[in-house]
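Engineer: Listed here are the chains, written in short residue letters.
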Amino acid sequence: MFSKKSIVIGFFLVLFGFLAPFLMVLKIIPSSFWLSFLSHGASVSGLFLGLIGASGYIETRRRKKSDY
Amino acid sequence: METEAGSDLRLPQETGPFSRVIKYTIFRGLTLLLAVMVGVYLTIFIASRGRIIEGDRGDNLGGWLGHIWRPSGVTGAGSAERYEDIAAEQLALEKAEGVEKVWVFLKYNFDLVYQGMTLDLGEVANFWTYSGGEVNDTVSALIRDTLPRTLLLFGTSNLLLFFVSIWLALRISQRNHSIWDKLVAFLSPLSAIPGWIYGLFLTVIAVRYLDFNSRGMISSWPGEFQIEFVFFFVKRFSLPILALFISKLFQSVYSWRTFFMIYSAEDYIELAQAKGIPNRMLTRRYLMKPTLPAIVTRFSMMMVSIWQEAIVLELFFSVSGIGHLFYRALEQNDMPLIVGLTVVFSYLLVISVFFLDFIYAIVDPRVRLGSEGRLTASRRSIILRLKRQISSWLNPLNRKTRYGVQKVRTTFIQRVKGIFADFWWAVRYAFELSWENLKQLLRYKSAVAGLVIIAILVIVSIYTVVTIPYSQAVSMWRGEGNIWVDNPQKARPAWFNLFLKDDLPETIVLDTADGTAQKLITFDDDGFPQVDLFYDFDYPYRGTPQEIVMEIIPEYETKLPFFSFTWITPDGRELDLGSYSSFAANRFTFSQYNKLQQGIVGEKPQEFLFVDPSAEDGKAVPGKYQLHVRARFFEPEGDVEAKLVILGEVFGLAGTDFRRRDLTLALLWGTPVALSFGFLAAICSSLLSMVIAAFGAWYRGWVDGLVQRLVEINMVLPAFPVALMVYNFYSKRIWVILGVTVLLSIFGGGIKTYRSVFLQVRENLYIESAQSYGTSNLRMIFRYMIPRVISVLIPQVVVLIPGYVFLETTLAYLNMSDPYLPTWGKVLRDSLNSGALSGDTYLLAMPMAWLMLTAFGFLFVALALEKIFNPRLKDV
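Top to bottom, those sequences are chains G and Y. Going left to right, the first sequence walks through residues 36 to 103 as the working numbering numbers them. Going left to right, the second sequence walks through residues 194 to 1069 as the working numbering numbers them.
One or more of the hints may lead you astray.
[What the hints assert, rightly or not] Covered stretches of chain G, as calculated for chain Y (at least 3 residues, CB under 8 angstroms): (1) 51-59; (2) 63-76; (3) 80-86.
Hints in this document: simulated from the structure, not taken from any laboratory. For each residue, glycine too, the CB sits at the ideal point set by N, CA and C.
Please take these sequences and the hints and turn them into a complete structure.
Structural biologist: As structure tokens, this is what we get:
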């Protein structure tokens, strides 16, 4: 559960890390340092969470297979 | 609780998970903030040429920095009052004494750092941008407007990386040693190649085969949302995003996979499995926790390295983000903007590290702040230890070891000799170990291929340095003595013809001075000489030459000779190219000499001279040609020497560039430069990192703490931008570049890796026994600890070499390298600047091929070494 939850949370964080700068570049929302830094942090942590979750998920599946 | 050493230890205090995470996060945040302050101070120190410590600045950091670098123009807000402020504050500083002076000095420096950190740097000195109806002429506004473009680039590549990495990891997990598994393992070394090199590959493919070029600045960004801009934007950003994504993909997947494979084979994992612990719990509690620190470190390093590439990637693709802005600011000497951008880079790094630490604290319940979770010494034991230390200082003759054994007194020379003996022993040990492992290397085919490549590169380097000395190479590369004048411009390599149906023409040089052209001197009735020059040559090509050049050096006293030119084709046509009494210069090209144009029909002389006008194919007629030049003199004494150069389309092993320089020289000399730079930087930085980590791990306490803090400062200090500042404003000599590179690399991620190994080595029993019989600290470090890390050091050094080779190439591309040496990066830069992407892509092929060859050679060896030194990776 942790693995899948990590992947899902990671996805939304990475998506935010993409959408926020995209909207700022298109001038839909005004540029600001705080939003820029926050989006960057979200992108990095989302990627990290997603990969951790995926690795944990893979390892669990691998062990399940080896049990059989 | 008593230990054998007699100190009292106390059990940890339990705290809730929420307060644990909050405390840890606040502590890390403050630590990182302090690291940023130190980093900003260092940046301002470099930017101010050290004058920050003199206290002679005005009220405004931006104006002051602008004045230092552009004294003719005072810039920045508040500059009108700046001189008065300088005088008033200098007076205050001079009047202050003792502690007050220190306080005033600290206040000045803190003000500067505060202004730097809040980006209060005034106006941009030399340029501004216009975006969305607003003029961005302050440093803060300009950066604020530009930053989202860079973040969009990286955010999109992260999104892509997220999906593809997870998908790829899932494919790999389905079966061990599947084709995807092997592909990832094989391609993982490609992550050492920087993103802009991938961008170069992608751009060449896109331009040649898809007629698509995403390079080119977007001239103005819209003030309001327009849907068409979205599509235009996707087109412009697709290649840089793809380049960044590819450069990180394989490393991400391979690293994660490798870490889990190493730890999943541990004995305690098997024991836990045997005890029936569920797989999910096993993975989360027993497998992920020990690997998380390494993964966090590795991921942080990857994020740091990504930001190093931002400048070059944006410059290459002309993406107007903060990286491109930084380079423009360097070119314009706009120091306030440079400092502002460096601070922003630093913040981005801090945020990466901070968020990763925050997640790490949430995931791993062992992470605690300060003394929680660890056994701590009681006040009594601390006092006992202090007493022992003070007694040791006061009575040097009575020094005892930790176990109460009397230490042997040695002289300074004896100690120095001992250190060298231990160091030499460690070097010998390393060589013996390397030799043993080299034999094992030969069992891996990829390693053999890598060693062959490295051997070829070393042989080429030695040959080059011996046959073309440094001074000669520099002189040749600069084109001194017009040595390249007879070469064609932007010619392809000669071996190109092997792949063509119709060969491209080669350069033909005929000179009366060396006898390749005939000269016949006769005398007319008046006794004046008449010189006939015959240039006979075989032209077996169907394509026309690039240019025809004539160099005529007549010898006469007062009267100019009279020249006439006749061109004879293989099919017997005689073309009269006219008669002339004088030439504007001794050397002229047929296409540019106006007088010669009078006799030539058509656009290009080479078409007129080589192509049969009656033929429809428009190709040159192969066969024997002749140029007949007749010089009539009007004096008794007269002679002429002349050279005909028919410039071809191919030349040499590597072709020529736009300055007609033989690229073989740059490729040959680029080899020793790249290898020596890469090898020296890798060895020096790795050795120094290892020694510093050893000292920190051995002495612990404040030494280890200081090392950790320096690593953190280095992690948040944007090393590449700072290095570019030093190169641009101080020196571009190769040794300075090497020194700065090593200095900024010492406190990198390598220290953490070495430290973790040293901490384990320190716990071994032989260490304790060596301590018990009075071994000195230095001997412990050099004789007993460092040799145990050789197995980590060697693969690390080999992996780092191609990274530094690419760094040297990147610096050359940014025009931040040694201005005299011909290198691969310089060839790439000159080729790109002369339009290589729009047609002459072969100019990029040779240096790229050499770069990739070097990278693969070292990376293949590094992969095999990792498997030798870490047998658990043999299945990877």
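Engineer: Report holds or violated for chain Y covering the region 63-76 of chain G, Cβ cut-off 8 angstroms, minimum 3 residues.
Structural biologist: holds (count 9)
Engineer: Within the assertion that chain Y covers the region 51-59 of chain G, do at least three residues meet a Cβ-to-Cβ distance smaller than 8 angstroms?
Structural biologist: Result for this restraint: holds, n = 6.
Engineer: Go check the region 80-86 of chain G versus chain Y for me, would you? Three or more residues, Cβ under 8 angstroms, otherwise it fails.
Structural biologist: holds (count 7)
The structure shown violates none of the earlier numbered hints.
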